[in-house]
Amino acid sequence: MSATAIREAAPPTLAPSSRKMVHRTRGRGHGPIVRLMSPSDLGEHLKPFVFLDLFEADMRAMSRGMSIHPHSGIATVTVFTDGDVTFDDPEAGHGTIGYGGVEWMRAGGGVWHGQELSAGASATVQGFQLWVALPPELENGEPESQYIEADAMARAGPAHVIVGAYGGTASPVRAPGGINYLLVTLKPGERWTYEPPAGHSVAWVAVAKGGLLASEQLSKGDMAIFEAGEAPIMLQGGEGSGTTFVLGSAVPHPHDLHLGYYSVHTSAQALAAGERRIEELGERLRAAGNRRTASGSTPVFR
Numbered sequence: 001m002s003a004t005a006i007r008e009a010a011p012p013t014l015a016p017s018s019r020k021m022v023h024r025t026r027g028r029g030h031g032p033i034v035r036l037m038s039p040s041d042l043g044e045h046l047k048p049f050v051f052l053d054l055f056e057a058d059m060r061a062m063s064r065g066m067s068i069h070p071h072s073g074i075a076t077v078t079v080f081t082d083g084d085v086t087f088d089d090p091e092a093g094h095g096t097i098g099y100g101g102v103e104w105m106r107a108g109g110g111v112w113h114g115q116e117l118s119a120g121a122s123a124t125v126q127g128f129q130l131w132v133a134l135p136p137e138l139e140n141g142e143p144e145s146q147y148i149e150a151d152a153m154a155r156a157g158p159a160h161v162i163v164g165a166y167g168g169t170a171s172p173v174r175a176p177g178g179i180n181y182l183l184v185t186l187k188p189g190e191r192w193t194y195e196p197p198a199g200h201s202v203a204w205v206a207v208a209k210g211g212l213l214a215s216e217q218l219s220k221g222d223m224a225i226f227e228a229g230e231a232p233i234m235l236q237g238g239e240g241s242g243t244t245f246v247l248g249s250a251v252p253h254p255h256d257l258h259l260g261y262y263s264v265h266t267s268a269q270a271l272a273a274g275e276r277r278i279e280e281l282g283e284r285l286r287a288a289g290n291r292r293t294a295s296g297s298t299p300v301f302r
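Residue 151 in the UniProt record's numbering sits at position 151 of the sequence shown; the count goes up by one each step and never skips.
If you're looking for bench data, these hints aren't it; they were derived computationally from the structure.
Below, simulated DSSO-like cross-link-like pairs (lysine-lysine); rule was C-alpha separation at most 27 Å, straight line:
no., residue 1, residue 2
1, K209, K220
2, K187, K220
3, K20, K220
4, K209, K187
5, K187, K20
6, K20, K209
Derived CB-CB ranges, DEER-like:
no., residue 1, residue 2, range
7, G296, G31, 17 to 23 Å
8, A198, R28, 33 to 39 Å
9, G114, R26, 21 to 27 Å
10, I68, K187, 37 to 43 Å
11, S201, M66, 30 to 36 Å
12, A228, R26, 19 to 25 Å
13, R26, D82, 17 to 23 Å
14, S201, R276, 32 to 38 Å
15, G141, R284, 16 to 22 Å
Predicted, not measured: the structure shown is a model, and the values here were computed from it. Virtual Cβ for every residue (Gly too), placed ideally from N, Cα, C.
Full structure from sequences and hints, please.
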C-alpha cells in the first residue's frame, strides 16, 4: 500500500485492524474557546504537539477580547474550518485566510502577538490553534511569520497538508522536520486511511464538524489520542453529515518541557533566555505605541 491517502466506498464499520484510541477528551471551555490540550497535561504525551484550542466566535468580538501577549520556544499554527479572516503585515502583505489556509508564527526567541488577524467577510469563524514545541536549534532563534492562502497550500486527497509532507506533496510552511498536520473534510460515509511516515509514532485527531468514526465514534469537539506506533489510522466520515477534522502525527520530541506562562522550551537555560527576550521586547512594544493597521489588525512584534 502506498504512503498516500486512500479513498474508497466505506463499509458501515472500520476494519478491526484500525489503530486504537487510548484517550479522548472534550477539553475545558471558556467563552468561545475550548482548551483541548495544554503543555502541562496532554502536551507532555503528544510533544512536539503541546497545545490545542478549538474556537468558534464572531471574529470581531474575539479580536476585541484577545490581548497582545508574548511567546517563546514554540510555533503557533492557526487554521480555519469555517469562515475567513484577513491578515495585514508589513513583511508578508495583505490577504485572506479561509479553509485550507494557515497562519504559521514561529516565536523562536520571542514575539508579542494576538491581534494580527482581523475579521474577514464571514460573520463568524471556527478553527484550531496549535502550538508546536521547537527543537533546540530553533527555540531561541529568529522569529518568523507566514500567512498562506488556501490556493497556495498542498493537497493530498481530502487533506490540506498544513505542516509537513504527505502523499507526495509538501506544505510551504517552513516548519521543523518530523511533523505532519493535516486539515481534512470527508463526505458522509467516505473512508480515508492515514499512513504515518516512518518514525511518526505520535498521532491524534480533533473534530470540528460532524461525526468521525475511528476505532470509536467521535463527534464535534472531541480530541482523541492514538496508541503509539506507526500503524495506519482508518477514518470514516459520519453518516448524513460528513466531518471536518485536524490530524497530527510526529516523531516524538525527545526533550523535557520547561514551561513559562506563554513559553515552552527544552531546558531551564533556554526558557530563561526566552523570558529575558520577551521582557525586552515588551519594553520596546510599549514605547512603540499604537501599531494598528487600517484593516484593524496589529502586526506581530518581533
